[in-house]
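Mind docking chain U with the ligands on chain Z? Use the hints.
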Amino acid sequence: MGERILMKGNEAIGEAAIRAGCRYFFGYPITPQNEIPEYLSRRLPEVGGVFLQAESEVAAINMVYGAAGAGARVMTSSSSPGISLKQEGLSYLAGAELPCVVVNIIRGGPGLGGIQPAQSDYFQATRGGGHGDYRTPVFGPASIQEMVELVMEAFEVADRYRNPVMVVGDGILGQMMEPVVLPDPKPLDSLPAKPWATTGNQGRPPNVINSLFLDANLCSRHNEHLQEKYREICRREVRYELVDPEGAEIYFVAYGTTSRVVRSVMNRAREEGIITGLIRPITLWPFPQEPFERVVERAKAFLCVEMSAGQMVEDVRLAVNGRRPVHFYGRTGGVVPSPAEIADALRKVLEGRDPGA
Amino acid sequence: MREVFTRPKSMRKVVMHYCPGCTHGIAHRLVAEAIDELGIQHRTIGVASVGCSVLAYEYFDCDFQQAAHGRAPAVATGIKRVLPDRVVFTYQGDGDLASIGTAEIVHAAMRGERITVIFINNAVYGMTGGQMAPTTLVGQVTTTSPGGRDPRHCGHPIRIAEMLATLEGAAYVARVSLHDPAHVARARRAVLKAFRTQLEDRGFALVEMLSSCPTNWGMSPREALRWVKEKLIPQYPLGEFRVPEEEARP
Ligand SMILES: Cc1ncc(C[n+]2csc(CCOP(=O)(O)OP(=O)(O)O)c2C)c(N)n1
Ligand code: SF4
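Line by line, the protein sequences give chains Z and U.
Okay, so the first sequence: first residue is 2 according to the numbering used here, each after it adds one.
Okay, so the second sequence: first residue is 2 according to the numbering used here, each after it adds one.
Looking at chain U on its own, in the form it has when it is part of the complex:
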């Protein structure tokens, strides 16, 4: 019998704590598959951030460091500077990366730090119970924007991928979505490219993933995926905002 669906080697055999319908699990799987495909499991060091994915070190079967809230890119920098021939990736939410950790992510990208960043944009602070994030949509109701996000009061959502793509140090920057199988397939290719960018020593790489949080959005898993497609994507266009130079040439 041919196996069509197995656990990636780089994932541990444990039950994840993510809510039903949460796409964090898919994102983990894509990262693990890329690590397997590139054959880098035993020389990869992951950096977990603070958010729902804080326990990522229990799910990936490779060395890991757990970082303070927002500081994963700095921690990854420390690791990579000591071990330049290892593969280092961070896995961060949008509160972590786009709010408290903006300085660290911008400067890691500016330096062209040879790390791969997996950035989960679910438009809320998941772990702390659905507060407003910098990525929260205008009008979106959260536990700290009960009347919906009012841009006069707290601004418009932040587009991290586009911002970072302005920096020469950022060699690969893409935004993908995890709301249906076709988009997941595209996301898989983006994750592979982001790791290859590091392996080929080209610079900083980031994949922003539009991800669902049915729990804090107050939706069923299916509704949440539809919301990603209908509401998040118009605010956060998908695509590659920066690709390594050789590839960019026709």
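Extracted from the complex, chain Z is given alone in its bound form:
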């Protein structure tokens, strides 16, 4: 472990990728994530890697496909409109079972939207925004330290399952500075071998990277194989944080930046004698079921807070499955819900009213 340094979120993402052994980055400029490519355009050549600004997000994700197929640890980053353009490529990467890391510093939408922080790409990230039955693990860090650790872990998970992994943040996480302790770089010779990669078939039969199966039965078998892999990810890769103080009755559910605002509300409420809990999903897919099972018996209600019109709340409802009321409070378009607004929503829930109404 290195020393504590002050770093901007987006730059920390770039440095974390390098420390994870990523040497290739393909991207296209878009706010509020520009510091990631800018940082990597400086740093990657220093460590013998390649930074390449692509002609579009479509091209960038397909360059990622080629590089991943050639056996490299590779990353791209973008923000919402650009991530929409990457969806075709993500579907192909998932179909051809290629590992890579995709960072989405989410901004308000739909359309061109704005550049302020949002969480309105949750559906797109967790449901697989491209075509076909595929899944991508999605990490939603809440601090720059956690961002660094999860970006590094994302490369491990991607390689372990030969699957794209997404890391989502927002402009606040991307732009703010926080102290971080950077983990030591992974030695490049410790990275997993990729005997399936297309590197030239010297002394072995040809390798083919492909997602085409014209025979329906073969395509179905391929899908079953993918589904088995996704079930394995659900069994082994779920991450969450549960804040479960003695006497809590209302449980917040929030991730990323929003979970930090919620925490300040929880602290203030405690001073007034109101004890609340928090379920903070760290993997948005697979969505954590376990913390809900742990608290649902003693919970009176759940209050999901998001920077969206209500997307993760659907997963919360599935997890709670009608056993308790699930309420929602959200702000959209780049507006961060204020502690006062969330406190007001909590008050309504305590009074048995709907905070969304």
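Source of the hints: derived by calculation from the structure; they are not laboratory data.
Ideal Cβ placement from N, Cα and C applies to all residues, glycine included.
Every clue listed holds true.
Cβ-to-Cβ under 10 Å is the rule here; a few derived chain U residues that face chain Z:
| hint | residue |
| --- | --- |
| 1 | I41 |
| 2 | A49 |
| 3 | V55 |
| 4 | F61 |
| 5 | D62 |
| 6 | A77 |
| 7 | R82 |
| 8 | L84 |
| 9 | A104 |
| 10 | A109 |
| 11 | R112 |
Sample of chain U residues facing chain Z (criterion: CB under 10 Å; computed from the structure):
| hint | residue |
| --- | --- |
| 12 | T45 |
| 13 | E59 |
| 14 | F65 |
| 15 | Q67 |
| 16 | G79 |
| 17 | K81 |
Here is chain U with the ligands on its own, set in the frame of chain Z:
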């Protein structure tokens, strides 16, 4: 007995799915022969595109990646940047390269990406059943231009080789035809040059091949070859539009 005709080493022993009289098979053979002649089979990575040649990875005996429609040059870029000492080629049709994939091909050429592109121009979308392509001739009847391509409605055919030849990054750009043995021999030399351009690290290389699609043109194989000669070549002049600099000097 002397063997005069054998399967190139870089081709697999499988039956191709191409229609009778389709020149995709000849184009494959020329690529495989060039790979054999240059001795690069085991360090070549091909990129198949979306079109009739989508299964190219089943025909070539080397590593392959299958790319999304139009994106082969971007995929090839990713491979080549990771493995600069390998040989990377794409094989793309005219719907793939000249329509949905125009941004990717122009920018790969602009960057002088060290890849070799085999571009099959058959003036239609073959695989999807003969729709109009950007390369379709004025007046040519297709399933989506039933009255013939009307330039007032959908423009004139696009000349990719000439366009790309304006870019400094494009080191070798040629257009050849596959309609008779003499032209096939010339095409073979162009493919070799396009791979050599990459091996000598000179820049981007592309060979546009005028190719037949008897099925979607509604012609016999022989008529289709004549149509290439009489109709396609006047619209798409053959020749080298850009050659590596040293060679260009007299
Ligand atoms: C995104 C996307 N759009 C459309 C298609 C359908 N499609 C498959 S092949 C093809 C046309 C291929 O034509 P061309 O590139 O000219 O090659 P040819 O078949 O003539 O060899 C199209 C449009 C697709 N696979 N993906
Ligand atoms: S449809 Fe046309 S291009 Fe495709 S295989 Fe048949 S003849 Fe060749």
